[in-house]
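Please dock the two separately framed chains into a single complex, following the hints provided.
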Amino acid sequence: MSDAAMNQATKLYYEDVDLGDEIGPAIVSVALDQVVDFCSLWGNPAPNRFTDQAEAEKIGLDGPIVPGIMTMALVSRVITDWAGAGAVVDLDLVFRGTVPHNHPLHVGILISDTEQDDDGNHVQCDITMTGPVPDRPYVIGTARLNLPSRE
Amino acid sequence: MPTQIDYEYDHSLYGVEHESGPFDVTREIVDVYTRSVGDDNPIFTDADAARAAGYADQVAPPTLCALFERGELPDIKLQFGRRQFHGGQRVEPRAPIVVGDRLTASSHLKDVYTKTGRSGTMVHVVWETTFSNQDGVVVADVQRSQVVRE
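Protein sequence lines, in the order shown, are assigned to chains F and V.
Residue numbering for the first sequence follows our numbering, starting at 708 and increasing by one per position.
Residue numbering for the second sequence follows our numbering, starting at 890 and increasing by one per position.
Rather than coming from a laboratory, the hints here were simulated on the basis of the structure.
Careful, some of the hints might be misleading.
Quick partial rundown of chain V residues pointing at chain F, CB under 10 Å, derived from the structure [unchecked claim]:
| # | residue |
| --- | --- |
| 1 | R924 |
| 2 | V948 |
| 3 | R1033 |
By construction, the Cβ of each residue, glycine as well, lies at the ideal position given by its N, Cα and C atoms.
Extracted from the complex, chain V is given alone in its bound form (with noise of 0.2 Å):
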């Protein structure tokens, strides 16, 4: 049975959205990137390869743009608990990036919201993001859950 716990935050900030950005996709941030996870898809690594394949230059793997995400969002100002953890992400890409896009971030508060498991009562936080490119094309949306633990 969920237990009923007391947390206060700043409930103001929903239904407001902060913008963040811009983020520059620089060659730099996609070699590292996929150097660092093993990846060597030549649509990734090479950009004579993905223009090969219709791309405008090399392209930025689906789930690269939540590095711009994180530390750009305000704080809830939540009572509760004092460890956090990330609990999950999603990314939707919805168009390619490549190489020389420059980002726009718009983030807002999706959702606070408790669940209680067997290490406890836990309080997650959703923030949901839209990133948008240079010519103001949606390129991805990304969900943040940090969850808050007793």
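Okay, chain F solo, but in the shape it has when bound (with noise of 0.2 Å):
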């Protein structure tokens, strides 16, 4: 395996985080044409309430939202981006707000646990996703990551 592809795999190791280590914000916004992409992959094709002013007004929206597994989706780029694409074990949201479209989005991750056992080098995350208003995320949940050792 090449050093280059080693550390697109494995970006991150246990060594590296603590209890208590913050990362991010790490600021991510989606267009109109990324959730018409994102919806033709899942069969709900445009337009709906995820890409359409008016298909969004007639649920009581105020605009078209991104939907719930694009959010995830975002969420899960965003923690692969700094753990690496083979981390993630467990990635648990709960969507509390819609979130819309063209607006930054702020993905936080809290290091809540580290724990090394048989099974191997657990790392516990809490996530946050927010907008303008901090204290009213749209997304919240966990994260458990298994990371190689150094040793």
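Dropping the structure here:
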């Protein structure tokens, strides 16, 4: 395996993280064309409440929103960007608010526990995605990672 | 204090596995998925980089399999509320999913329960799905929580 490939698969080692570490926030945003592409993958072609102003207003929304599983994909991307492609063993998210298009979304990761046992090197993280009001997150949840050790 | 509410649904769905698929993990699906969420990790975008890292082919990001779950679940015939939304999602990757894999899904109704908050009472419908690949290897467990509001 080349060093470059290894770096993409394993970006982070267990020894690199400590309880209480905060990562980010990483800032992401989603434009309409991205949502249209994503919706095309799960049999929900535009126009729909995720892509169209009128369709969104029909169900009481202010405008089109980012689908929950796309929000999850964005959170997953932030985690794998930081920790590596194969690090995630559990990602558990609660969608607490509608996520608008074209707004900065702040994805934060807090290390809440670390533990080594016979099954691996476990890192537990608290996850938040917030918009302009930090104490009203769009998404909260947890992630569990299994990281390689340098030892 | 929780509010007691009446809601009916099809309890016969408990204990029944619902099979769906096959779902082919094509390069196009992985490419559109990664492009739409701005994921440029070469393991997820470049077959050569993925092979160099020890994978059989270009790898699907860990939450991609959730795409295949939606729309495949039976109607529980819930007699409550009218508005529903996606309340939560859990994905537990078990093994890499790579381009060329053919997945099947086995889903069951895990739980139906109520919660009362500031915006009223809501019914949560939780489905659990296990995805396996063409070799019978479990590649992911996924839970989806659909919330129905008064």
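Now for the hints, and whether the structure bears them out:
Given hint, R924(V) at the interface with chain F, holds; its Cβ is 7 Å from that chain's nearest Cβ, closer than 10 Å. Interface hint at V948(V): satisfied, since its Cβ lies 6 Å from the closest Cβ of chain F, which is below the 10 Å cut-off. At its closest, the beta carbon of R1033(V) sits 9 Å from a beta carbon of chain F; the interface hint therefore holds under the 10 Å criterion.
Every hint, counting from the list given before, is met by this structure.
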